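A.B. asks: Using the sequences and the hints, build the whole thing.
There are 2 protein chains.
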Amino acid sequence: MRLSRLGLGKHRKEATHMSNPLIYLAPIGSIIALLFAGYFASTLRRYSEGTDEMKAIAAAIREGSRAFLRRQYQTVAIFFFSMFTLLYVLVFMGYLNVFVPWAFITGGAFSGLAGFIGMTTATYTSARVTNQAKTSLNAALRVAFAGGSVMGLVVVGLGLLDLSIWYFLLNYVYQAMAEADRIQIITSTMLNFGMGASAMALFARVGGGIYTKGADVGADLVGKVEAGIPEDDPRNPGVIADNVGDNVGDIAGLGADLYESYVGSIVATCALAVAAGFGTVGVLVPLTMAAVGVLASIVGMSFVRTGETATQGELLKAIRRGVLVSGGIIAIISWFVIIALLGWENIGMYFAVLFGLLGGIAIGYSTEYFTSSEYKATKTVAESAITGHATVIIQGMSVGMLSIAPFTLVIVFTILASFVVAGGLTSFNVGLYAVGLAAVGMLSTLGITMATDAYGPIADNAGGIAEMSAQSKEVRQRTDALDSLGNTTAATGKGFCIGSAALTALALIVAYREQVFLIADDLGMDMVLDLSIVNPKVLGGLLLGGMLPFLFSSLTMQAVGRTAQMVVLEVRRQFKEIPGLLEGTGKADYATCVDICAKASLKEMVWPAAVAMLSPLAMGILLGVEGVIGLLTGALLSGFMLAVFMANAGGSWDNAKKYIEEGNHGGKGSEAHKAAVTGDTVGDPFKDTSGPSLDILIKLISMVSLVFASFVVQNALF
Amino acid sequence: MRLSRLGLGKHRKEATHMSNPLIYLAPIGSIIALLFAGYFASTLRRYSEGTDEMKAIAAAIREGSRAFLRRQYQTVAIFFFSMFTLLYVLVFMGYLNVFVPWAFITGGAFSGLAGFIGMTTATYTSARVTNQAKTSLNAALRVAFAGGSVMGLVVVGLGLLDLSIWYFLLNYVYQAMAEADRIQIITSTMLNFGMGASAMALFARVGGGIYTKGADVGADLVGKVEAGIPEDDPRNPGVIADNVGDNVGDIAGLGADLYESYVGSIVATCALAVAAGFGTVGVLVPLTMAAVGVLASIVGMSFVRTGETATQGELLKAIRRGVLVSGGIIAIISWFVIIALLGWENIGMYFAVLFGLLGGIAIGYSTEYFTSSEYKATKTVAESAITGHATVIIQGMSVGMLSIAPFTLVIVFTILASFVVAGGLTSFNVGLYAVGLAAVGMLSTLGITMATDAYGPIADNAGGIAEMSAQSKEVRQRTDALDSLGNTTAATGKGFCIGSAALTALALIVAYREQVFLIADDLGMDMVLDLSIVNPKVLGGLLLGGMLPFLFSSLTMQAVGRTAQMVVLEVRRQFKEIPGLLEGTGKADYATCVDICAKASLKEMVWPAAVAMLSPLAMGILLGVEGVIGLLTGALLSGFMLAVFMANAGGSWDNAKKYIEEGNHGGKGSEAHKAAVTGDTVGDPFKDTSGPSLDILIKLISMVSLVFASFVVQNALF
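Protein sequences, first through last, are from chains A and B. Note that this note's numbering has the first sequence beginning at 395, numbered continuously upward. Note that this note's numbering has the second sequence beginning at 395, numbered continuously upward.
It is possible that some hints are incorrect.
Put simply, identical chains are the same to the list, so a pair is met inside one copy or across any two.
What the hints assert, rightly or not - Cut-off 25 Å, straight-line C-alpha distance, at most; resulting in silico cross-link-like pairs (SDA-like, lysine to any residue):
id, residue 1, residue 2
1, K1052, A621
2, K867, K1068
3, K528, Q706
4, K1068, N532
5, K1068, P624
To be clear, the hints were calculated from the coordinates, so they are not data collected in a lab. Source: prediction; values computed, not measured.
C.D. replies: Spelled out as structure tokens, the structure:
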């Protein structure tokens, strides 16, 4: 029965097992990625960090960032240890296989490692960028982009490495098993590995996000708004915390986040390969595509260069060229990969990959339209700042809400087109596998996209160091130009993160349904699922799931607000109590603000994480599998919309402020600028804390549901 | 086949047709409601409108309001006429029965009439409230509440009247038909009547909402924020437009909105009665319950009175007493109604009604918790104003998002509990009918709840008249007290509007599915619907549907922003060009602002309305019935969440501002107050334009889908 329901034998090609040489591409790709990361890192060391003062500031930021990550990982370790124990209990009770807890732990560990390496590289890079900015814009870009490239390659390298290790290990352990059973047990174990990565990502994004925005908002509210001193001014006691925050939130958080997206989309598609009846080759496709993506990214990176006198527009073009070259390479090679692995009869899968790639690009352009001040949307936000704080907020929110429309259209088109073109109308599971492949296609350029994304916060930090070490105006202008360019690429990166999250979450939901059938089959249960949206259990799940992202955002936004308020009070206290601080003769006590942010963010990340982990379990026990699938779909739906809204509204406010600072509508210091700063400040937790955490949330709850599927199937109350 | 699928004969009682005397309760109830409305209106006339100046101001507001409504109705008439023609074309093509276009028109006409009568009463009441406020708070309350009662009774009276007329007419026309077929054709025709009401409500809410908030925001931005003159100051050229706005948006819009909710919940439940197999008696239940609610509301109204020296808390208690008495009466009488009509074996239906009633009360309390400054949530919003504009926005939004959680829990509980207790686990359609009854139960107290809701804007206008006619401070304080009380009751009313909308929309979605089966049956088609949420068509629909409320809110918020900006420019122009205006020697040109708002809001209401009407049709043609049901469910999901978020964030900002104005955190004029005004201004379109329109949107798209069901079944592309 299982084979027939899974459709095995229908679309199935001959078992190729370990004999297909393409299987070695994934580990090879991962090693090449890591080698190139090491190479880029070593070239970075050759540049100087600049004056002693710059070195000292960079060291302070590095110290603060590392100290936080250490504390954060300690806290998270407690959670991982408890979870590991719980999973082991489930292993002993027979709900899970013995590899699950280990897969869970390695997922978390590799994700944390990716964040740590990326952040360390970033903290070593920033001062070097500042120093290079003394020479030229292009020199600074090269260093910043090299730093970002290390991050991008580490993320994809570690992701592929972990996947390869588990794939080969499990294949070895279960080699005696029949192929269908073996591949099934391999993929379902690897899904659990995704849960570790997702949990770690959530902690990194939420904890880091609260830290960075608490510090940023707090420091700006007193410094920029009340005391009237510039951003990153060394007199501001919150300034080191702010810069530390950029590293722990925007870089370490981003790294863990994208690691999770990358790994999640691959394991979800692998799991669907079984149901679609492709067996081992079906698993090889996403792994191979990922490896191809890594190599294409490295090639693309070599295209990111400009002449010494490049303008900002030329820089952006250079970066774009790199991404497009990578995408083009993937588009060409995928054709051969699909034919080699799945044969001509499944060439539709190629188009699914292509739709994913193109969807990612479309989302990128649409993000740019809504968030860049070159287009109408953000111009209207800047204009609305003239009439005050309230209108800029209203306009920014309506731009953010409007931006949901093209995003949704692209995602819906990608889903339907991939499904149909791959033959979903005749075989449902084959169509859903194609949707998974579209997600893999969208994320296949991750190596280089992440490089373009991660260099933004590096440039931001470089600007901070320039300001604090009182560099010439020219240097600051160059780092600002890089930072502003980084805003555009970061917004694009965010958009494609959200898009791929929606596709991955969908693949995970379908994988969950398949797992439930397999579990019921193993137990000899006759499982009938009524997933109709008019089934009250599904509907109740949908509504409660739809509620989760709002609840989660509320908790994270309040956390940012509370942390910021603590920073505000501390900064105000120092301005009042430390003699001569504002005049530049006293010395600010940076450590206290760093400490406040660290403590607050670690405390504040517990509740949102608990909501994310416990809700699918509680729902499963209460309303069973139908309720859970409703919950996951509802969360996907509203999480996706809310994430797009928050990312784009935040991006638009940020750039509207920058647009005014360029001298429009009265420029810096005008009433319009004050209003725009309000918009930017509201946008901070939107785009850097709550919004990006939602991408993780919608995948994490699917992962948690998968891990506890067996338990829920056997213990649901209704 | 049809009978068995509909479950007829299973739960069916003997056909009672017109013989059951309870059928006369609905028309009797409607006439009693209208008589009492007339009686209250006539007692109002006995009070004086005060000084000549007050009379003149009231007349100006009345004139402006009427002029706008006239123009609005003319614009809407074009739409209704086109739609009528289109429906008639569909009649000739055989897609609809001949009564549908007429049902559509009467639904719209009665809804417009309810808005018109309510608004006229309100404009006659405000000055009388101001005048009575010279005597005492209680005297002012009595008049204001009488005005609100007229509105409440007109809405329920006209609703029941229209329903009764159609029910008796169709019963008469189709008397030769077999009962099952007759009741089916009656209920499906009456559903189309709901579409007319919904379309009218959307125009009224959106047009009125854009008018009122455009004027309000625009007048405040220049008056309060820039020129530093108080709200409603006669020197402000936007002040009459602002007060006109209160009438056309908050009263006429509210009336049309609640009329639609009321009628919608009843016709949806009637339609489900057929599918549930209850036939005629099943249709009688919601009609009878509504009639009982009308009578209970009238009794409850008589309990709203206090001593002459009542405090504000005592006034609130008096209003609460009225609502609770009505609810209690309904809870008792329903027991007998259910037994008389459905028999002991269906006593579970009684509990569904009860869950609806209690759910409404729970939602009311939870709204109060989040929006009243007596509780922690709004206190934190007020506190966050101390640190500035940005933090007050962040905190208000997180409070709004948090409030979604209890709302969702209540609604999910109501759905699941009603479904289960009525026997949904054994008969699906019976359970869904119970969910419809829960919606009717929740709305059964509408007569009195609406009275408590509508008197708020009346008091608001009374305050405006007091300010403009330079009454003593005491008078203004009393009207402010009424207004503030009205804020609490209005927020409660809004909450229960949203809650009932969610239940009604759900009932409509299920009714749509039933209609599709019936249509396919009539056509001899073998209709198989796969409504599983993993079906890509459903999923695509869910995502696109989820997008709609965001798109819609974006459009309406931008419309408010644009209108406000026009008012800002005009008010600024007048301040600059009219000599002595700010000093009180010149005279403001109110008419221009009134004209700007009217023109802008009529123009701006077209796009949002077009989105609402066309999207279900487009989806139906593209993805068929499965896509449409996905669309409706997705819109229900995100529309519900967004509506709760917007209503409660808006309410909380409003009251946080009032709390600061009471002297907390620095009081009026402090920096915290300025920040709180920003919050309040952002909240204006949230709670009075975009938010309430969403309740209508999610029902209107279901209604449109229902009307075009036959067309879509036969013409879907995929």
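A.B. asks: Are the CA atoms of K1068 and N532 at most 25 Å apart within a copy, between copies, both, or neither?
C.D. replies: Cα proximity of K1068 and N532: none, with 32 Å in one copy and 45 Å across.
A.B. asks: At most 25 Å between CA atoms: does that hold for K867 and K1068 within a copy, between copies, both, or neither?
C.D. replies: This pair counts as within: shortest intra-copy Cα distance 23 Å, inter-copy 35 Å.
A.B. asks: Are the CA atoms of K1068 and P624 at most 25 Å apart within a copy, between copies, both, or neither?
C.D. replies: Both ways: K1068 and P624 sit 13 Å apart in one copy and 24 Å across, limit 25 Å.
A.B. asks: Please work out whether the CA atoms of K528 and Q706 approach to 25 Å or closer within one copy, between two copies, in both situations, or in neither?
C.D. replies: Classified as within; 16 Å inside a copy, 67 Å across copies.
A.B. asks: Are the CA atoms of K1052 and A621 at most 25 Å apart within a copy, between copies, both, or neither?
C.D. replies: within (20 Å within a copy, 28 Å between copies)
In summary, the structure is inconsistent with hint 4 from the numbered list given earlier, while agreeing with all the others.
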